[in-house]
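Peer 1: Here is how the chains run, residue by residue.
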Amino acid sequence: MDLFHNLIFGFGVALSLQNLLYCLIGVTVGTLIGVLPGIGPLGTIAILMPITYGIAPVGALIMLAGIYYGAQYGGSTTAILVNLPGETSAVVTCIDGYQMARQGRAGPALAIAAIGSFFAGTVGTLLIALFGPPLADVALKFGSPEYFSLMLMGLVAAAVLAQGDMVKSLAMVVTGLLLGLVGSDVNTGVQRFSFGFPELSDGIGFVVVAVGVFAIGEIITNLGDKEERRVFTATVTSLFPSKEDMKRSIGPILRGTGIGSFFGVLPGTGPAIASFASYMLEKKLAADPSRFGRGAIEGVAAPESANNADAQCKFIPMLTLGLPASGVMALMLGALTIQGIQPGPEVMTQRPELFWGLIASMWIGNLMLVVLNLPMIGLWVKLLQVPYRLLFPAIMAFSAIGIYSVNNSSFEIYLTALFGVFGFVCMRLGFPPAPMLLGYVLGPMMEENLRRSMLMSGGDASVFVTRPISLAFIIATVLILLVMVVPAVRERRLDMAD
Amino acid sequence: MNVKLSNNKDVWAGMMLIAIGAAAMVIARSYPFGTALRMGPGYFPIILGALLTLFGLFILARGLRRGEAIAGSSSLRALIILPLSLVLFGVLMEHGGFVPAMIVLIFGSATASTEFKLLEALLFSVALTALSVAVFVWGLGLPYPLITDFN
Numbered sequence: 001m002d003l004f005h006n007l008i009f010g011f012g013v014a015l016s017l018q019n020l021l022y023c024l025i026g027v028t029v030g031t032l033i034g035v036l037p038g039i040g041p042l043g044t045i046a047i048l049m050p051i052t053y054g055i056a057p058v059g060a061l062i063m064l065a066g067i068y069y070g071a072q073y074g075g076s077t078t079a080i081l082v083n084l085p086g087e088t089s090a091v092v093t094c095i096d097g098y099q100m101a102r103q104g105r106a107g108p109a110l111a112i113a114a115i116g117s118f119f120a121g122t123v124g125t126l127l128i129a130l131f132g133p134p135l136a137d138v139a140l141k142f143g144s145p146e147y148f149s150l151m152l153m154g155l156v157a158a159a160v161l162a163q164g165d166m167v168k169s170l171a172m173v174v175t176g177l178l179l180g181l182v183g184s185d186v187n188t189g190v191q192r193f194s195f196g197f198p199e200l201s202d203g204i205g206f207v208v209v210a211v212g213v214f215a216i217g218e219i220i221t222n223l224g225d226k227e228e229r230r231v232f233t234a235t236v237t238s239l240f241p242s243k244e245d246m247k248r249s250i251g252p253i254l255r256g257t258g259i260g261s262f263f264g265v266l267p268g269t270g271p272a273i274a275s276f277a278s279y280m281l282e283k284k285l286a287a288d289p290s291r292f293g294r295g296a297i298e299g300v301a302a303p304e305s306a307n308n309a310d311a312q313c314k315f316i317p318m319l320t321l322g323l324p325a326s327g328v329m330a331l332m333l334g335a336l337t338i339q340g341i342q343p344g345p346e347v348m349t350q351r352p353e354l355f356w357g358l359i360a361s362m363w364i365g366n367l368m369l370v371v372l373n374l375p376m377i378g379l380w381v382k383l384l385q386v387p388y389r390l391l392f393p394a395i396m397a398f399s400a401i402g403i404y405s406v407n408n409s410s411f412e413i414y415l416t417a418l419f420g421v422f423g424f425v426c427m428r429l430g431f432p433p434a435p436m437l438l439g440y441v442l443g444p445m446m447e448e449n450l451r452r453s454m455l456m457s458g459g460d461a462s463v464f465v466t467r468p469i470s471l472a473f474i475i476a477t478v479l480i481l482l483v484m485v486v487p488a489v490r491e492r493r494l495d496m497a498d
Numbered sequence: 001m002n003v004k005l006s007n008n009k010d011v012w013a014g015m016m017l018i019a020i021g022a023a024a025m026v027i028a029r030s031y032p033f034g035t036a037l038r039m040g041p042g043y044f045p046i047i048l049g050a051l052l053t054l055f056g057l058f059i060l061a062r063g064l065r066r067g068e069a070i071a072g073s074s075s076l077r078a079l080i081i082l083p084l085s086l087v088l089f090g091v092l093m094e095h096g097g098f099v100p101a102m103i104v105l106i107f108g109s110a111t112a113s114t115e116f117k118l119l120e121a122l123l124f125s126v127a128l129t130a131l132s133v134a135v136f137v138w139g140l141g142l143p144y145p146l147i148t149d150f151n
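Sequence order for the protein chains is A and B. Read left to right, the first sequence gives residues 1 to 498 (the numbering used here). Read left to right, the second sequence gives residues 1 to 151 (the numbering used here).
Not one of these hints is a red herring.
Counterexamples of contact, computed for chain A against chain B with all Cβ distances above 10 Å: (1) Ile115; (2) Thr122; (3) Leu285; (4) Thr337; (5) Gln339; (6) Gln342; (7) Leu367; (8) Trp380; (9) Pro468; (10) Ile469; (11) Leu471; (12) Leu479.
Some chain A residues judged to face chain B by a derived CB distance under 10 Å, without partners named: (13) Lys168; (14) Val190; (15) Ile216; (16) Thr221; (17) Ile395; (18) Tyr404; (19) Phe411; (20) Cys426; (21) Glu447; (22) Asp460.
To be clear, the hints were calculated from the coordinates, so they are not data collected in a lab. All C-beta atoms, glycine included, are put in the ideal place defined by N, C-alpha and C.
Turn these sequences into a full structure, and let the hints steer you where they fit.
Peer 2: Okay, here's the thing in C-alpha cells:
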C-alpha cells in the first residue's frame with residue numbers, strides 16, 4: 001500500500017528529535033495563546049515566523065501548524081473553565097461546557113473535548129493523506145488559465161463564506177491583491193507603488209502586513225473595548241468521563257468530525273461555522289433538546305470535534321493546490337514561499353518529506369496535546385490571571401523584535417506601525433482583515449497566471465471559459481456569488497454572524 | 001435610522017475604498033498599460049483600482065440609504081501611543097541600542113492602557129528587556145549592540 005508506505009516515511013521525518021521538539025514547542029505555544037484571549041493564532045504565527053527562517057522548512061511548518069491546532073485546543077479549555085472563548089471557534093463550546101463546569105463536571109467536559117479533538121484530528125490527518133495525492137495529481141495538469149480561475153474561485157469563496165459583510169470582504173480581497181503588487185514588476189522591472197523607497201522594491205514584507213494588522217491592529221482594537229473579564233474559575237476534580245458520558249458522546253464526535261471535515265475543505269469558512277453547524281445538528285437530533293444549554297455533554301463533544309477536523313482539513317487545499325482557504329493558511333503559504341518553496345502540487349512530489357512529515361506531525365501533535373496538556377490544565381488556568389495590561393506590551397515587544405530581525409530594518413518597523421493603524425481602521429469600519437491577507441498572498445501569482453493565460457490565448461479572454469476545468473471553476477464562482485445573493489441564505493448567514 | 005454622517009460606518013468605509021482605489025488608478029496610470037495580449041505593469045493594478053472604487057461606491061450608497069453607526073468604543077490613546085512606541089523603537093534601534101529601544105517600547109506601550117500603573121510598568125519593562133537580552137541577543141545571537149552613544 002502506497003499510503004502506508006508514505007505515512008511510515010512521514011512518521012520517520014516527524015519523529016526525528018528535532019522535529020518532535022518543534023512540534024512540542026508549536027503545540028505548547030498554541031495552547032498558551034489559545035488560552036489567552038486577545039491574541040489569536042494569526043497574530044502569533046505572524047510574530048513567530050521570523051524565528052522559523054533559520055530552521056529547515058519541515059521543522060518550520062511543523063511548528064507553525066502546531067501553533068494553529070494547539071490554539072483550537074487551548075481555546076476550548078478556557079471556554080469550559082471560565083466561559084471565555086480564547087478563540088472564536090470555542091464560542092459554541094462555552095454554552096454547554098461552562099454549564100458542565102458549574103455543575104462540577106469540568107473534568108469530564110475537558111476530557112471529552114480532548115478525546116473528540118484527538119479523534120477528529122486523526123480522521124483529518126487520514127483524510128489529508130488519502131485525498132492529498134490524487135488532488136495534487138489533478139492539479140499537476142493545470143495550466144495558467146486553470147490556476148487563475150481556481151484562485152478567483154478560492155478568493156471569492158473565502159470572502160463570501162466568511163462571517164461578516166460580503167461586499168466588504170470582497171473589497172478587502174481586492175485591497176490585498178493591490179498590496180501584493182507593490183515592488184518591482186517581474187516581467188518589466190517597473191517599480192510599482194514603491195513611492196521612491198528602495199526598501200519597497202522587493203514588495204511589502206509578508207510579516208509586516210500580518211503582524212501589523214493581526215497583532216498591532218488587534219491590540220489597538222482590544223484596548224478600546226471596555227468589556228470586563230469575568231473570572232470564575234471552576235476547579236477540576238476528576239478528569240474521567242463516566243460510561244454514560246462516553247456513550248452519549250460517540251455519536252456527536254463522529255458527526256462533528258464529518259461536518260468539520262466537510263467545512264474544512266471549503267474556503268473561507270472558519271472553524272466557528274463548523275462547530276456551530278455541528279452543535280445545531282446535535283440539538284436537532286437529540287431526544288430531549290432542552291438539555292442543551294444546561295450542560296449537555298453532546299454540546300461539547302460535537303463542536304470540539306468539528307472545529308478540530310475543520311482546522312486539519314484546511315491544510316488539504318493549501319498543500320495540494322497552493323490555495324489558502326483561510327488567513328492562517330495564507331500565513332503557512334507565506335512561510336513556505338519565504339523558505340524558497342513554490343507552493344503547489346509539485347510540493348508533494350519534489351518535497352515529499354514536507355508533505356508527509358507535516359501530516360504525521362499533526363497526528364503526533366494531537367497526541368501530545370492530549371497526553372501533555374490535560375495534566376497541565378491548572379497551569380493554563382493560572383495564566384488567565386495575567387492581566388492584559390502586561391500582556392499587550394509583551395506582544396508589542398516580541399512583534400517588534402520579530403520584524404526587526406528579518407532585515408534589520410527600522411523602515412519595516414515604521415511600516416508595521418502604519419499597518420497597525422490601517423488594521424484598526426478596517427476593523428472599526430467592519431472590514432474583516434483576513435481576506436486581505438489571502439489577496440496579498442495570491443496577488444502576484446494571480447497576475448502572473450492572468451498574463452500567461454492571455455499570452456497563450458493570443459489576448460482572447462474566452463480562454464477561461466473554453467477550457468473545461470477552468471470553466472468549471474468560473475461556474476462555481478458565479479454560483480457561489482448567486483447563492484449568497486438569495487435572501488434566505490443571506491439572513492441565515494447574518495444569524496450565524498451574531 | 002438617523003445616523004450622523006460623521007459616525008456613519010458605511011459612508012466612511014466607502015470613502016476609504018474609493019480613496020485607495022482612485023489613488024491606485026492614478027498612480028498606475030504612469031505605468032505602461034500594455035494590451036490584453038501583452039499586459040503591461042499597469043494593467044492589473046488599474047483593473048483592481050477600478051474594482052475597489054466600485055465596491056466603495058456601492059458601500060457609500062448603502063451607507064447613505066440605511067446608515068449604521070460605528071458600534072463600540074475605541075481608544076484614541078492606544079491609537080496614538082502604540083504606533084508611536086513602535087516608531088520610537090525603530091529610531092532607537094539605529095541610534096541608541098537594543099536596551100533603550102526595548103525599554104521605551106514596552107513602557108511606552110504600557111501607557112496606552114487605561115489601567116496603567118507606573119511602578120508596575122517600569123518594573124515590567126526592565127524585567128522583560130532583561131529577558132529579551134538574554135534570549136535574543138545572548139541566546140539566539142541577534143547582532144544588536146545593547147547600548148550605543150545615541151549618535
